[in-house]
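A.B. asks: Start from chain H and add chain P according to the hints.
2 protein chains.
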Amino acid sequence: MSRTIEVCLTPALLHLYNIENSIVVVIDILRATSSITYGIDNGAEAIIPVAHVEDCLAYADKGFLLAAERNGEVVAGYDFGNSPFSYTKEKVGGKTVVLTTTNGTKAMHMAQERAYKVVVGSFLNLTSLCNYLTAQDKNVLLLCSGWKDNFNLEDTLFAGAVVNVLRNDFTHSDDACVVAEDMYLMAKDDLRTYLHKSSHSHRLAALNIEEDVRFCLKLDLCKAIPVLEGEKLVPLFKS
Amino acid sequence: MSRTIEVCLTPALLHLYNIENSIVVVIDILRATSSITYGIDNGAEAIIPVAHVEDCLAYADKGFLLAAERNGEVVAGYDFGNSPFSYTKEKVGGKTVVLTTTNGTKAMHMAQERAYKVVVGSFLNLTSLCNYLTAQDKNVLLLCSGWKDNFNLEDTLFAGAVVNVLRNDFTHSDDACVVAEDMYLMAKDDLRTYLHKSSHSHRLAALNIEEDVRFCLKLDLCKAIPVLEGEKLVPLFKS
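Going down the list, the sequences are from chains H and P.
full-length UniProt numbering numbers the first residue of the first sequence as 1 and each following residue consecutively.
full-length UniProt numbering numbers the first residue of the second sequence as 1 and each following residue consecutively.
Isolated chain H (complex conformation):
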């Protein structure tokens, strides 16, 4: 068993990892990769992640849905924000969505420069994702998007969940794997309560999106695995 699994705690540490032969799983639990998973699972044709609200404008006349929020409010003139509840079949089925997310976009673009493949993970597709990773003959890097380049709790917890599922099928030796898995095992019976300790949770509480947070912690609502192809996230397996 020579495949390795590693956890990169923030994009600022990605340069330390050799990912040329790795599938990189980008993680931005609150809320980008959760909304992306849900949207792709609900039949969105593609989701294009961009870093800034202004970047959406380049797509304004292409008939795409534009998603952007500032301070928890949908930006005027845009179709919706980052809540996973906006990514339903009714709203995104057959559509392409341009989604604004600073931390997640940065992580995806950095990974894309070197990785064998870049996919998206969230609690919503945990089992499906792990089944896929187990079936490949590749190393895995779990890339936490973090918050402004620094460590965050919710992305690390999800990385720990994946490590816990895959621990027997991969070699793992880095300390970030150890800490992520142990944090997950400590928190898994009540992720929501544990996340009350996190800084991002406080920021989100101020935005009044408790329902979003609870949704993003649900396990295995989705089977889809979004994969980055060029600038677009599309379903890894076409249904």
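Derived by calculation from the structure, the hints in this document are not laboratory data.
Just so it is clear, the structure is predicted and the values come from calculations on it, not from any experiment.
Treat the hints loosely; a few may be bogus.
Repeated chains share a single entry, so a pair holds when one copy, or any two copies, can fit it.
Claimed, not checked - The calculated lysine-lysine pairs, modelled on DSBU-like cross-linking and capped at a C-alpha distance of 35 Å, are: (1) Lys-91 to Lys-232; (2) Lys-188 to Lys-117; (3) Lys-218 to Lys-188; (4) Lys-148 to Lys-89; (5) Lys-62 to Lys-188; (6) Lys-62 to Lys-197; (7) Lys-148 to Lys-117; (8) Lys-197 to Lys-148; (9) Lys-238 to Lys-197.
C.D. replies: Frame of chain H; chain P shown alone:
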């Protein structure tokens, strides 16, 4: 209470922290900051941390003790290596030691560029260090030296021990504080066993320095707090 305590998980993330008004505690448990604490406590006049064995040579004709090892062996021509057992009263009392340590030196020098003050922490001086930090009117940043710029377990565990002691006297809101403290609380009853999970522990096991590791995990053997003044670590309080 407006003082903050934060944990920086690796020197590669230090640029994310505002430390101009902070006391930075540099942590390199296995074994640099443990040996430095023990050496200063045992009456070393000063300890000069350098990053590379070659850097020691600049001090060769000054009558200093030179400490360097490669692959667990004292480098030929040097006085001793990095084992804390080399830093006894008999060996270092009244002497200046030049100590080679890549990760710790980098962390100290980076912090020194901006911090209010740079001190050294280890399990050996935990209580003394915490008493000192509590008595100052400064923010505290716990800087884990890590391993080659990446996260490591043993430095994070010690950061968590400090957070746990200081939690009521400081404001802490960053997620790294949460994870460090929770890891420490999980591991504290048997730090040695927990560290068997760490990557550095495996590296050290190969070097056959189990006694060093056990020594570096002892609590409160020392009262000294080394502080960085120019290029030298000296006792914060002269006895």
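A.B. asks: For Lys-188 and Lys-117, with the copy left unspecified, which applies at a CA distance of at most 35 Å: within, between, both, or neither?
C.D. replies: The answer is within: 28 Å in one copy meets 35 Å, while 39 Å across copies does not.
A.B. asks: From the Cα coordinates, with 35 Å as the cut-off, is the pair Lys-62 and Lys-188 best called within, between, both, or neither?
C.D. replies: Neither: 42 Å inside a copy, 57 Å across copies.
A.B. asks: If the cut is 35 Å between Cα atoms, do Lys-238 and Lys-197 qualify within a copy, between copies, both or neither?
C.D. replies: Neither, since 39 Å and 40 Å both go past 35 Å.
A.B. asks: Go through the copies and call it for Lys-148 and Lys-89: within, between, both or neither, with a Cα cutoff of 35 Å.
C.D. replies: Within one copy only: 31 Å inside, 46 Å across.
A.B. asks: At most 35 Å between C-alpha atoms: does Lys-91 with Lys-232 qualify within a copy, between copies, both, or neither?
C.D. replies: within (18 Å within a copy, 64 Å between copies)
A.B. asks: When no copy is named, should Lys-148 and Lys-117 be tagged within, between, both, or neither for a Cα gap of at most 35 Å?
C.D. replies: both (24 Å within a copy, 26 Å between copies)
A.B. asks: Quick one: Lys-62 to Lys-197, C-alpha cut-off 35 Å, is that within a copy, between copies, both, or neither?
C.D. replies: Close neither inside one copy (42 Å) nor across copies (52 Å); limit 35 Å.
A.B. asks: How would you label the pair Lys-197, Lys-148 (within, between, both, or neither) given a Cα cut-off of 35 Å?
C.D. replies: Classified as both; 18 Å inside a copy, 29 Å across copies.
A.B. asks: State whether the alpha carbon distance between Lys-218 and Lys-188 is at most 35 Å within one copy, between copies, both, or neither.
C.D. replies: This pair counts as both: shortest intra-copy Cα distance 11 Å, inter-copy 32 Å.
Checked against the numbered hints given earlier, this structure breaks hints 5, 6, 9; the rest are met.
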